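Build out the structure end to end from the sequences listed, making use of the hints.
According to the UniProt record's numbering, the sequence shown is numbered sequentially starting from 1.
Quick caveat, the hints were computed from the structure, so don't treat them as lab data. Quick caveat, the model's predicted, so the values are computed rather than measured. Be aware that a few hints might be false.
[What the hints assert, rightly or not] Computed spacing ranges between beta-carbons, pair by pair:
(1) Q160 to E897: 53 to 59 Å
(2) S665 to G106: 46 to 52 Å
(3) L105 to Q160: 20 to 26 Å
(4) D65 to R622: 49 to 55 Å
Glycine is no exception: its CB is placed at the ideal position from the N, C-alpha and C atoms.
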Amino acid sequence: MSSDSFGTRDQLTVDDKTYTIYRLDRIEGAERLPYSLKVLLENLLRNEDGRMVTGEQISALAAWDPAAEHGREIAYTPARVLMQDFTGVPCVVDLVAMRDAIADLGGDTQRINPLCPTELVIDHSVIADVFGRPDAFQINAELEFERNSERYQLLRWAQQAFADFAVVPPNTGICHQVNLEYLARVVFTGDGPDGPLAYPDTLVGTDSHTPMVNGLGVLGWGVGGIEAEAAMLGQPMSMLIPQVVGLKLTGELQPGTTATDLVLTVAELLRRTGVVGKFVDLYGPGVANVPLANRATIGNMSPEYGSTATMFPIDGVTLDYLRLTGRPESQIRLVEAYAKEQGLWHDPDHEPVYSQAIELDLSSVEPSIAGPKRPQDRIPLRVAPDAVASLLAGAPTTAEALSGLDKASALSFPASDPIAVDFDSPGDKPRKPRDFGTDNEWPSTPVAVELADGGRAEVDNGHVVIAAITSCTNTSNPSVMVGAALLAKKAVERGLSRKPWVKTSLAPGSRIVTDYYEKAGLTAYLDKLGFNLVGYGCTTCIGNSGPLIPEVSKAVTDNDLTVCSVLSGNRNFEGRIHPECKMNFLASPPLVVAYALAGSLHVDLLQDPLGTGSDGKPVYLRDIWPTEAEIADVVGAHLKAEMFTTSYSDVFTGDDRWRNLDVPSGDTFQWAPDSTYVRQPPYFEDMTVEPRPVADITGARVLAKLGDSVTTDHISPAGAISPDSPAGKYLSEHGIERKSFNSYGSRRGNHEVMIRGTFANIRLRNQLAPDTEGGWTRDFTQPDGPVTTIYDASVNYAAVGTPLVVLAGKEYGSGSSRDWAAKGTLLLGVRAVIAESYERIHRSNLIGMGVLPLQFPAGQNADSLQLTGEETFDITGVTALADAIPETVRVRAGDVEFDAVLRIDTPGEADYYRHGGIMQYVLRRLLNSADG
1 MSSDSFGTRD QLTVDDKTYT IYRLDRIEGA ERLPYSLKVL LENLLRNEDG RMVTGEQISA
61 LAAWDPAAEH GREIAYTPAR VLMQDFTGVP CVVDLVAMRD AIADLGGDTQ RINPLCPTEL
121 VIDHSVIADV FGRPDAFQIN AELEFERNSE RYQLLRWAQQ AFADFAVVPP NTGICHQVNL
181 EYLARVVFTG DGPDGPLAYP DTLVGTDSHT PMVNGLGVLG WGVGGIEAEA AMLGQPMSML
241 IPQVVGLKLT GELQPGTTAT DLVLTVAELL RRTGVVGKFV DLYGPGVANV PLANRATIGN
301 MSPEYGSTAT MFPIDGVTLD YLRLTGRPES QIRLVEAYAK EQGLWHDPDH EPVYSQAIEL
361 DLSSVEPSIA GPKRPQDRIP LRVAPDAVAS LLAGAPTTAE ALSGLDKASA LSFPASDPIA
421 VDFDSPGDKP RKPRDFGTDN EWPSTPVAVE LADGGRAEVD NGHVVIAAIT SCTNTSNPSV
481 MVGAALLAKK AVERGLSRKP WVKTSLAPGS RIVTDYYEKA GLTAYLDKLG FNLVGYGCTT
541 CIGNSGPLIP EVSKAVTDND LTVCSVLSGN RNFEGRIHPE CKMNFLASPP LVVAYALAGS
601 LHVDLLQDPL GTGSDGKPVY LRDIWPTEAE IADVVGAHLK AEMFTTSYSD VFTGDDRWRN
661 LDVPSGDTFQ WAPDSTYVRQ PPYFEDMTVE PRPVADITGA RVLAKLGDSV TTDHISPAGA
721 ISPDSPAGKY LSEHGIERKS FNSYGSRRGN HEVMIRGTFA NIRLRNQLAP DTEGGWTRDF
781 TQPDGPVTTI YDASVNYAAV GTPLVVLAGK EYGSGSSRDW AAKGTLLLGV RAVIAESYER
841 IHRSNLIGMG VLPLQFPAGQ NADSLQLTGE ETFDITGVTA LADAIPETVR VRAGDVEFDA
901 VLRIDTPGEA DYYRHGGIMQ YVLRRLLNSA DG
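Here is the structure:
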């Protein structure tokens with residue numbers, strides 16, 4: 001029970017049922033807070049315990065200073081956890097291993113369950129191998145199961161073995177759309193000591209696009225695996241009170257513009273404003289004019305413009321969507337009553353206090369695409385051919401290719417806006433192709449292609465070789481999905497077809513989409529253009545686009561053509577979509593269909609014909625673009641609440657392949673000794689019932705001496721597995737052919753693969769091994785310390801019992817909060833990291849894995865202390881952590897001695913370290929608790 005030192009506990013009665021709530025209006029200053037911070041404030045009030053969540057944290061949030069860069073640290077406890085399969089598998093592996101560990105210690109395996117409701121949706125594994133044929137979905141699904149059966153067996157077992165853990169099987173939908181349509185509660189209910197509790201639905205997710213649910217008034221954002229595990233195990237998350245930017249919406253969208261055009265405009269605007277690490281709240285009179293699906297589209301792309309979360313308030317539109325998607329009326333009434341009682345209901349006349357307020361007139365939005373390799377680089381459709389010509393004429397893979405501005409755009413930069421940033425960084429402000437000049441000649445080098453069906457075509461620079469309706473961003477939105485299907489219908493009726501070099505695919509976010517397509521009689525038209533269903537999953541948006549048409553692929557690679565993809569996704573970073581597509585453009589689903597018909601970015605969709613109709617006359621986009629009324633008629637007639645209730649009635653059941661997976665019975669998982677995907681991790685080896693005393697670190701050696709801004713991308717394994725890497729050699733030794741190596745992401749459940757890829761990024765520069773780039777170090781277990789791989793050196797150090805340290809510069813661990821950046825560090829034998837400064841989440845993750853984060857004295861670093869990395873390190877004073885948190889510990893490195901700042905900042909972090917990590921801490925608490 002909450003300490004309730006502010007006296008906010010009260011009751012709310014809805015439908016003759018009484019709930020305990022924690023009233024925000026009893027906290028002075030709460031009324032002025034943005035909606036998102038009100039949710040955080042309620043979270044602190046409800047979870048106040050005097051230790052992890054203190055009255056001081058509550059007072060600090062109530063007195064929030066919008067001008068401060070950030071507020072104090074608070075402990076946030078989400079109501080639930082959402083996972084996708086790539087990032088969720090390691091969390092499940094750890095939970096399964098905890099059951100083994102508690103059994104080994106004589107405890108009850110049933111005590112190991114998620115302590116916070118957890119849902120995992122399998123959506124990241126389907127690949128569009130086959131397209132443009134009626135059986136594409138069936139074949140792709142079968143290939144998916146063949147490739148991932150070991151991972152799926154684990155998840156299928158976990159589904160039946162764990163309480164409060166649900167798995168949405170493959171080929172059901174994308175996690176964010178399933179979350180929006182079914183999982184999200186908006187107002188959560190639970191059991192409290194005095195009866196039912198009601199509180200805001202909040203979550204963290206292991207996918208960066210978790211903020212999609214912010215469109216529903218649910219606060220959530222993406223986190224790394226260790227933070228997700230902590231939340232799953234009932235532990236609060238450490239976070240800093242953020243700045244909040246208010247985006248005021250006025251007006252309404254003009255006919256012919258879509259939700260995609262809106263979100264590309266918002267992405268450009270907010271990236272230019274600078275919202276990295278901040279919350280964004282939407283407010284103002286225009287909010288009521290934004291349908292729920294459009295709100296979700298805006299929330300979804302929060303990572304693309306850098307905000308942690310982009311939250312819409314609760315209003316009548318929210319309730320209408322809950323009703324449409326089949327939520328119970330009792331739940332809808334609770335949402336309305338709770339939101340109004342707590343000041344979470346949108347009042348267009350009330351303007352909260354914000355760190356910064358900006359405004360967008362929805363009527364200024366125009367049809368757009370974005371690219372060629374960043375979501376924030378919006379290009380108005382009216383100038384797209386000239387923009388792409390400019391890019392092609394000026395080496396599009398370099399920063400210089402985007403040196404100018406769009407003078408005609410309503411949202412262009414002022415001429416004085418300095419552009420001194422590197423284009424290749426996703427964090428940069430938007431930039432526009434140079435002057436969009438019409439004097440740039442399209443570099444044309446057409447290559448003749450003879451297709452498998454006997455047809456002939458020419459493929460050229462700027463041709464569209466992938467047109468994909470894909471990803472959670474847009475496939476959750478009925479207006480753009482119906483718009484795409486109606487455009488396809490009109491195109492087919494006029495006698496148009498896709499260009500033969502274009503690989504087309506349809507991968508909806510849920511089965512609801514294909515349901516309303518079928519009921520509206522639109523499926524056949526999409527199929528006719530090659531947009532057959534390929535799967536329910538992320539596909540092209542995460543790089544699972546499958547191979548290009550073989551003859552087209554050969555022409556592209558043999559002639560070094562610069563070809564394009566057009567997709568309705570949220571990310572188009574270089575190399576992400578397909579290795580043979582150098583330019584990638586985000587567009588609405590209707591424009592994806594249009595570009596499949598046109599076949600080239602050279603075509604001006606607003607002026608040039610898409611093709612010649614069956615009557616011999618040219619057909620223009622304006623001839624087949626569906627009207628708002630036509631779209632509304634189809635949506636109104638064929639999108640019904642019963643579709644959602646029927647579809648989701650058995651959402652956790654899965655198809656025959658899922659149900660027939662051979663999974664072990666019992667409370668513990670039977671690990672397959674020959675599996676190269678899922679292995680029992682070693683975190684609990686030799687674990688004791690009581691933690692061993694905290695010990696100093698003596699005789700340690702340096703594994704890596706690194707410079708500034710080493711990110712988790714440098715540390716954590718990602719991407720393809722090279723055959724000559726330690727991970728590649730491991731797979732080869734286990735009989736895996738090179739073609740089946742798959743990626744590090746797909747093998748996250750195998751620590752043996754992941755350890756071998758830690759610190760193995762090809763751009764890592766370890767100063768201990770000068771003149772090298774990649775995962776190299778020196779091995780001081782050997783005479784003269786020869787250069788070898790970081791993994792091989794770590795094995796030799798472990799064999800002789802030598803602990804390891806890492807030396808680093810400023811901002812160590814910045815970037816995505818990747819769990820394996822900390823897990824791999826531990827498993828390589830690293831006991832401590834000494835850095836100039838840390839990215840907050842990575843520092844916390846290191847502690848969560850039992851690695852000691854230390855900081856050089858202010859103004860000092862490894863070079864100023866003349867550390868070469870060849871020294872032997874002794875770190876003393878760590879033992880003081882047994883009773884308190886000392887400010888410093890003593891480091892002796894050869895002849896150098898200094899006091900390092902101990903970066904264990906909270907009592908909870910100290911507990912985690914004393915136990916050897918967060919999993920061991922929770923395991924011992926469950927083992928020793930009287931009631932389980």
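Hint by hint, where does the structure go against what was stated? Just the numbers, ascending. 2
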